[in-house]
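Asks: Taken in order, these protein sequences are the chains called R and C. Under this note's numbering, think of the first position of the first sequence as 8, with each following residue one higher. Under this note's numbering, think of the first position of the second sequence as 166, with each following residue one higher.
Be a bit skeptical, because a hint or two may be false.
What the hints assert, rightly or not - Heads up, incomplete: computed chain C residues facing chain R, CB under 7 Å, no partners named:
no.: 1; residue: L247
no.: 2; residue: V250
no.: 3; residue: L272
no.: 4; residue: S275
no.: 5; residue: L276
no.: 6; residue: F279
no.: 7; residue: L283
no.: 8; residue: V285
no.: 9; residue: A287
no.: 10; residue: A373
no.: 11; residue: L377
no.: 12; residue: L378
no.: 13; residue: S420
Said to hold, decoys possible - A few chain C residues that don't get close to chain R, going by computed Cβ distances all over 10 Å:
no.: 14; residue: G187
no.: 15; residue: P191
no.: 16; residue: A254
no.: 17; residue: V261
no.: 18; residue: D271
no.: 19; residue: Q327
no.: 20; residue: A334
no.: 21; residue: F361
no.: 22; residue: N374
What the hints assert, rightly or not - A few chain R positions that, by computed beta-carbon distances, are all more than 10 Å from chain C:
no.: 23; residue: E56
no.: 24; residue: V76
no.: 25; residue: T82
no.: 26; residue: L83
no.: 27; residue: L101
no.: 28; residue: P137
no.: 29; residue: C151
no.: 30; residue: L152
no.: 31; residue: S185
no.: 32; residue: H196
no.: 33; residue: V198
no.: 34; residue: P248
no.: 35; residue: V273
no.: 36; residue: G283
Please keep in mind that the hints were generated in silico from the structure rather than gathered at the bench. The beta-carbon is built from N, C-alpha and C at its ideal position, and this holds for glycine as well.
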Amino acid sequence: MSTWRTITNRLVTVSLVILAGAFISATLVRYAPGFGTDEQQLDARLSRESIQALRSESSAERNVAPYYVGWLRRTLRGDLGTSRSMGRPVSQLLIERAGTTLRVVAKSLTIAWIAAVSLVVATWTVHSAPLEKTCTIASGLLLCLPVGAVALLLILLNGPGYLALVAIVFSKVHRYLSDLVGATGGMSHIVAARAKGISELRLLFWHVIPAIRREVLALAGVSIALAVNAAIPVEALCGIPGIGQLAWHSALARDLPVLLNVSWLVIAFTVLANSGADLLADERGRTA
Amino acid sequence: MKMTRIAALAVISVITLISMVGSLLPGFDYRLQDRKHFSEGPSYEHWLGTDAVGRDRLARLVHGARVSFLLAPAAAGLSVFLAFVMGAAPGFAGGVTERIAKSMIDLALSLPWFFLLLMVRAVLPLNTSSGASAAITFFMLGLLGWGVPARILLARAKRLMQSEFVLLARASGVSERRLFCVHVLPNLLPVMMAQFWIAVPVLILAEANLSLLGLGVAEPLPSLGSLLRDLESVLSVRSDLSNFAPLLVLVAMVSSMQIAFAKREVC
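With the rest of the complex left out, here is chain C (with noise of 0.2 Å):
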């Protein structure tokens, strides 16, 4: 199991160290549009061929990974902050705040939030440009993604504040700020970290699906989802296999992430 996990963790170093340092090279643009070649598959130029407008597809992928990779842990972090605003807070103070907490969070873990998600991306202006818009779609997706993590960093907090040790504390007159930095904070920031990089597949694959449908990251900026969308093209998938390079990507990305930060001891 050991190896497995250096494995999957390799597997996610080298496609984000390809999609970090590929798109910085010089000459590998994924907006550049070679008018010569549209539509064409693998050559000595274009490794993946080419896209519909003559974009490259080896440098779309490698930027799209950037995108999907930069802002699918900004928007698990986001997540995990207010899961930990939702959860832990109120699990440590206890009473009345934790019974409105469970509710609001019960609440959240009822509702379709893709439904929700696919409403607020509907009404986004006609112009939002695509940098705006992959910022919106990740910020939203954060947004609305605490509702698990949070019923968890709930359930550690009140445990903890049954432990031994923080009832030791309290009788020794530790403050409830001097109890909750030093002795909780540092049990729950484990779990944290856990949920925070549960979140980030998770998200990559909610991006992808809203991406699919034509409402995640707008062109010209490719993500992984946006790129997903020229399988749609069912004639194109048949004369060229290339067009499932990103799937590939993202499958692996996704496994690797899953076996790698599979913490569920913590969870």
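Next comes chain R alone, as it looks inside the complex (with noise of 0.2 Å):
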């Protein structure tokens, strides 16, 4: 009864979040600079009246509450809008490239973490100076560069472009994985076992990451709304067919109804992925 009760508060949570966050998007979108004016406000060939058109139309959407009711009561019917730039269907736009966006994200967290995790376990078990260095100075270089930088040097170097998300998702998972095994480590029992002769492994597997389980799932959370992010920079640069390649092109069309629902979509993946996470955690908290 108690987990129905926290799944049904996280459900709620979640619901809330997304709803405000797709607000939050309508506002800013609302009060930037620039809101209302069209691109085709500059063609010369159109006449007074049809910019005049246009400017009445884009001026139903100035106020943002009427208009932020109105986007969710169409979006509650599966209406998401047509895209002004492509003039299809957003949703299908979204149907056709959600499939290799969730590929590509899916396959660079798989190879980041496993690349992770191996390489902290390697330190901790090796005791390797050297290699502790070598992979700080890694992830520490890789946080240093833009994750669009990475992928135009893959570019550059004929590689797969979906190896500039794992490279920041690597640098990110593997330093903040290695700062919290570093510090458990240093936890008086964890010291005691050690002193007792427990093996390296052991001791990894069966103290260390029992104490860490719950920052692990957090951190899981976090790299897939870290992943998500990244994706933009790198579909759009890698030419890859994805959702970031559909927000980067929308984006430099202005197409408005494409950009809102794909980000109120990226919002409700993120904070499903977080609260997944968290409910985990909190679960095997308490299994414990």
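These two chains come separately, so use the hints to put the complex back together.
Replies: Have a look at this one:
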């Protein structure tokens, strides 16, 4: 019963956050300088009447509350609107591209986590200062590079674009995990276990990891959000036809219906991922 | 570790000094186009070569660094100020204010800000000047980057409010205003400074990512991010390694900042 209540509470919170996030998106767009101006208004071929018609079309969107309520009502009916730049239903565009982004993000997260965890385990068991320093410098250097620059360097090296996502997620996950493991390794019960002669691997898997599982699960949620955000520059620069590329094209074309819908979908995905990780962490904490 | 920090500080100081002084030198104009030299490699006249429209790459690099290093701290200042309002003040006040602030911070941390930034940047008027686009880009970055520092400041303020010296001050009848200004605020300042220095490289990188997508600082004004767009032309990268100069400066600057200002003990 308690678990169901937790899940229900979490779902209510998630729904509220998604609604608030969508409202913030709409408000930010509404109050951004340049709202309501359309590239088409600069077209010299259009008559004064046509330009006026375009202006009155956008003036209907000026009041943020009715605009948001109208958008919400349409969205609940399953109507995400039509892309201004591509002339196609937004839902169709999203369905076409969501699979690609999900595959890229899933693949990148898997590789980054495997690499980060393997290196942390290797550093813990081998106790090699050069290995530790190399890993720290590598992840530190990757943290200093914009993800877009990593993507361009991969294009130059004829590498697959998703490796840029791997690099960015790996750098954060590795840095945080090694800090966590390092800090936990200094705890008195770990020091005592080591002094009793327990093997390093057993120490890591039986004593260290159980102590940091909540933080690791929270990190998993954060890494999903990180990968989804970094997918925009990577997909845009590497020509991967996913949601990120769609968002970039729409931003350049000032296609607000697509941008707003992509934004709330990404918010929903991120919040659900974070909440899932939190829920799992809470559940594990309770059963431990 | 102390030597590494000193070296890192030296790198930051040198790059900042060059960008500030260099951009004021006469003839070092980032807009000036040499009609005889397009997309050329390094030469005596143009040490880092010229771009596709004949502008001196070194002049643009120096000006670009100045734009990033001036506006990123300003944006970081805005972020930390907002974090103070949304984190430190509610942490001091406690009760309902703190609960509301916590919910707002959770909301801010859940949102994919890069998407929101992309959206706002997309609707800027087409005739926005390059200076205004730079200011708006960094303003938006500052406006959206308060979540993490606010959470840290709230936690620190809450911890301070439960500390013995605050309890003693309260028991001695010190007013709330004096308690905040004389006892709590000075203890929060180091955390705020640390958050400020952590935010600067993060904002420089965020601007670089936006500019790489063509949605950051608009032409002709350069920034480190917009200069990285030259890397997009793969062929020019292959023919001329000087295209990597902005990337090297960016990496040197950001890594130096991370080393020099990594104050984990106060975070």
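Asks: Decide, hint by hint, whether the structure agrees.
Replies: Evaluation of the provided hints:
A cut of 7 Å between beta carbons decides the hint on L247 (chain C): the least distance to chain R is about 14 Å, and the hint is violated. About 17 Å separates the beta-carbon of V250 (chain C) from the nearest beta-carbon of chain R, more than 7 Å, and the hint is not met. The beta carbon of L272 (chain C) is positioned within 7 Å of a beta carbon in chain R (closest approach about 6 Å), and the interface hint is therefore held. Taking 7 Å as the C-beta contact cut-off toward chain R, the hint placing S275 (chain C) at the interface holds, the least distance being around 5 Å.
With a least beta-carbon distance of about 5 Å to chain R, the hint placing L276 (chain C) at the interface is held under the 7 Å criterion. Hint status for F279 (chain C): holds, given a least beta-carbon distance of 4 Å to chain R, under 7 Å. About 5 Å separates the beta-carbon of L283 (chain C) from the nearest beta-carbon of chain R, less than 7 Å, and the hint is met. A cut of 7 Å between beta carbons decides the hint on V285 (chain C): the least distance to chain R is about 4 Å, and the hint holds.
Taking 7 Å as the C-beta cut-off, the interface hint given for A287 (chain C) holds, the closest approach to chain R being about 4 Å. Evaluation of the A373 (chain C) hint against chain R yields a held restraint, the C-beta minimum of about 4 Å falling below 7 Å. A hinted interface residue such as L377 (chain C) counts as satisfied when its beta carbon comes closer than 7 Å to some beta carbon of chain R; here the least separation is about 3 Å, so the hint holds. Taking 7 Å as the C-beta contact cut-off toward chain R, the hint placing L378 (chain C) at the interface holds, the least distance being around 6 Å.
For S420 (chain C), the shortest C-beta to C-beta distance to chain R is roughly 4 Å, which falls under 7 Å, so the interface hint holds. Against the 10 Å criterion, G187 (chain C) stays outside the reach of chain R, whose nearest CB is about 23 Å from its own CB. Look at P191 (chain C): its CB is around 32 Å from the nearest CB on chain R, clear of 10 Å, so calling it non-interface holds up. Separation of A254 (chain C) from chain R is adequate, the least Cβ-Cβ distance of about 21 Å exceeding the 10 Å criterion.
A cut-off of 10 Å between C-beta atoms confirms that V261 (chain C) is not in contact with chain R; the least separation is 17 Å. Not every beta carbon of chain R lies more than 10 Å from that of D271 (chain C), the smallest distance being close to 8 Å; the non-interface claim is violated. Non-interface status of Q327 (chain C) relative to chain R is upheld: no Cβ of that chain comes within 10 Å, the nearest being about 23 Å off. With a cut of 10 Å on Cβ distances, A334 (chain C) stays outside the contact zone with chain R, its closest approach being about 33 Å.
The non-interface label for F361 (chain C) is consistent with chain R: the shortest C-beta to C-beta separation is roughly 18 Å, beyond 10 Å. Annotated as non-interface, N374 (chain C) brings its C-beta within 10 Å of a C-beta of chain R; the closest such distance is 5 Å. Remark: the non-interface label on E56 (chain R) is consistent with the geometry, its nearest Cβ contact in chain C lying 22 Å away (cut-off 10 Å). Distance to chain C confirms V76 (chain R) as a non-interface residue, since its nearest Cβ pair spans about 19 Å, more than 10 Å.
Listed as a non-interface residue, T82 (chain R) keeps its Cβ farther than 10 Å from every Cβ of chain C; the least gap is roughly 16 Å. For L83 (chain R), the shortest C-beta to C-beta distance to chain C comes to about 21 Å, beyond the 10 Å cut-off, and the non-interface label holds. No beta-carbon of chain C comes within 10 Å of the beta-carbon of L101 (chain R); the shortest separation is about 13 Å. With a cut of 10 Å on Cβ distances, P137 (chain R) stays outside the contact zone with chain C, its closest approach being about 17 Å.
Under the 10 Å C-beta cut-off, the non-interface status given to C151 (chain R) relative to chain C is violated; the minimum distance is some 4 Å. Consistency note on L152 (chain R): stated as away from chain C, yet its beta-carbon is not over 10 Å from all of that chain's, at 6 Å minimum. Annotated as non-interface, S185 (chain R) keeps its C-beta farther than 10 Å from every C-beta of chain C; the closest such distance is 13 Å. The claim that H196 (chain R) is not at the interface with chain C holds, since no C-beta of that chain comes within 10 Å of its own (minimum 24 Å).
The Cβ of V198 (chain R) sits about 22 Å from the closest Cβ of chain C, beyond the 10 Å cut-off, so the non-interface label holds. Chain C leaves P248 (chain R) outside its interface by the beta-carbon criterion, the shortest separation being 16 Å against a cut-off of 10 Å. Separation of V273 (chain R) from chain C is inadequate, the least Cβ-Cβ distance of about 5 Å not exceeding the 10 Å criterion. At the 10 Å boundary, the C-beta of G283 (chain R) stays outside the reach of chain C, the nearest C-beta of that chain being 13 Å off.
Against the hints set out earlier in the document, violations occur for numbers 1, 2, 18, 22, 29, 30, 35.
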